[in-house]
Amino acid sequence: MSRDDGYGFAAGLPVEPIAPGSTVLVAGPALSRAEDLALSMAVDGNAAGEASLFISTNMTCKTLLGTCERTHPDFDGERAAVIDCSGQDLGQAQFEAQVRSVSTQSDLTGIGMKASALYESLYTSATEGRVRSSLVSLSSLSMYVDLRSLYQFAQTLSGRIDSADGLGVFAIDPTTHDTQTVNTLSQVADGRVDVREADGEGDGELRVRGLRDQPDGWQPFVVGAAD
Amino acid sequence: MSTRILCVDPDERARQETAESLRTELSDLDASVETAGTVEEALDRLTPEHSALLTEQDLPDGTGVALIDAADEIAPDAGAVLYTDADPAAIDTDALRGSVTEYVGKGSVFGAERLGRLVRTTVDTRAQASYPLPQNEAERVAALQAYDLDDPAPMATLDRITGLAARHFAVEQASVNIIGEHSQEFLSCYGGATEWETTDREDSICTFTILADDVMTVSDVTEDPRFESRSEALVGMGIRSYMGANLVTPAGLVVGTLCVYDDDPRSFSTADETYLRDLATVAMDVIDLHARADAPEGDR
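Chains A and B supply the protein sequences, listed in that same order.
All residue numbers for the first sequence refer to the working numbering, where the first residue is 33 and numbers rise by one.
All residue numbers for the second sequence refer to the working numbering, where the first residue is 1152 and numbers rise by one.
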């Protein structure tokens, strides 16, 4: 694995490797597995020595790290960091991952600064400086700040990911926003993964748009490392 | 496009080292890197054309965070980076009042290289701006610079066009706007718009219009998520609803807009959009023909 290799995904995800420096939106309604997918895409390289940075708006770091361990049994928390914006008291809990809390989702300045500092820290510990960042979710943040502030925050984060040859995965629920909001936030990303519920086995269907050399149309997917 | 960077550090040697390393890392951008040692000196040096501001947190007359907040008034498009020895956990970001900043630790193993790359991305993609840029922004700005917009020759015709637009749509205000690298200028105005002065690009509705295919309408700025945070100022200018059509050069680059503004919420029909688009095409033809007429013979 070198710096120039694309970021690949577990066998259950019909997504070809994504070029370093890219940010993608993972868009799906609340009942789909879009948010789980956005987390999982940032964990898929963890066992291979890549690092994972999470900005979690609603889920506590405990729940989030538990989810990572469940979907990816080889998950190594020492190469992970979480910014917990859930507002819940972490108490004396100890984690292998680096955890920072932000008292409110409206503090984009604080979230951004902490993300920058944690990114630098993970960059030095990850193989070839490969860091995947997952923001779950833009929709939640949008309830606390205006669109222009959120755009600025997301664009800054995407710029950092670009400058460090990382991978960014930002979750959004497009059904909770008007067209202008989704169109504006889409400008921070290089491509988009749409997610929908589907009958049958698996976790739903996804469709990749705006990225090169990806499968056409809706494809079934399964979240997690297990083949 | 110009690349001006300001490095602020109280330690003379440290700031010269940072400036020199940026000049080397960004040599292909022909970056002009200036330095300052205090908040006061930095605010004196800073202009709206600056692309990036790098600062230590601890400064003799204040903090880097306070400087970044004050700089936002002068250079809203400039990206800010705290390049500091200070522990990020110890930095009180309350003074930033919602602005964003990047952080790079001076002690980081990859400090200088990471700083260079981060500043490059921040400048190239205007990563900390609060509005999206067109994909072809560099070409667009270059195209704009090729026109002499101080040329008085096309003004009388442009004034007739803004007047026609205002009367057709029965609005009090209309204008031809130029969307520059960091600002919006009013080239020709009708009605109350003649009182308007150049605005920051981030406060301009048209900076979103130039992303659209040709025409953009806003039926109520107070209800549109892109403009609601600025709607008080807009309504104060008599702008409650808006329609703008792009001024497109023969090479297909958007340099500005022709706009009409209503002080009440209203919707615009497809026929309205077509009419404004036609007028915008005429306006651009006028600007272009005068530019060609003024150009040296070999450039025509």
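Calculated from the structure, these hints are not laboratory results.
Glycine included, each C-beta is placed from N, C-alpha and C at the ideal position.
Possibly wrong hints are sitting among the right ones.
When the alpha-carbon atoms are kept at most 25 Å apart in a straight line, the in silico DMTMM-like pairs for lysine to aspartate or glutamate are as follows [as the list claims (entries may be wrong)]:
| # | chain 1 | residue 1 | chain 2 | residue 2 |
| --- | --- | --- | --- | --- |
| 1 | B | K1257 | A | E160 |
| 2 | A | K94 | A | D106 |
| 3 | B | K1257 | B | E1176 |
| 4 | B | K1257 | B | D1220 |
| 5 | B | K1257 | A | D178 |
| 6 | B | K1257 | B | D1245 |
| 7 | B | K1257 | A | E110 |
| 8 | B | K1257 | B | D1179 |
| 9 | B | K1257 | B | E1191 |
Some, not all, of what chain A presents toward chain B, calculated at C-beta under 10 Å [stated by the list, open to error]:
| # | residue |
| --- | --- |
| 10 | Q137 |
| 11 | L140 |
| 12 | G142 |
| 13 | G144 |
| 14 | Y155 |
| 15 | T159 |
| 16 | E160 |
| 17 | M175 |
| 18 | D178 |
| 19 | Y183 |
| 20 | G191 |
| 21 | P206 |
| 22 | T207 |
Selected chain A positions facing chain B (in silico; Cβ < 10 Å) [to be verified]:
| # | residue |
| --- | --- |
| 23 | Q120 |
| 24 | M145 |
| 25 | T208 |
| 26 | H209 |
Hint check:
| no. | hint | verdict |
| --- | --- | --- |
| 1 | B:K1257 with A:E160 | holds, 20 Å |
| 2 | A:K94 with A:D106 | holds, 17 Å |
| 3 | B:K1257 with B:E1176 | holds, 16 Å |
| 4 | B:K1257 with B:D1220 | holds, 21 Å |
| 5 | B:K1257 with A:D178 | violated, 33 Å |
| 6 | B:K1257 with B:D1245 | holds, 22 Å |
| 7 | B:K1257 with A:E110 | holds, 23 Å |
| 8 | B:K1257 with B:D1179 | holds, 24 Å |
| 9 | B:K1257 with B:E1191 | holds, 23 Å |
| 10 | Q137 | violated, 12 Å |
| 11 | L140 | holds, 6 Å |
| 12 | G142 | holds, 5 Å |
| 13 | G144 | holds, 5 Å |
| 14 | Y155 | holds, 7 Å |
| 15 | T159 | violated, 14 Å |
| 16 | E160 | violated, 12 Å |
| 17 | M175 | violated, 12 Å |
| 18 | D178 | holds, 4 Å |
| 19 | Y183 | holds, 6 Å |
| 20 | G191 | holds, 3 Å |
| 21 | P206 | violated, 13 Å |
| 22 | T207 | violated, 15 Å |
| 23 | Q120 | violated, 19 Å |
| 24 | M145 | holds, 5 Å |
| 25 | T208 | violated, 12 Å |
| 26 | H209 | holds, 8 Å |
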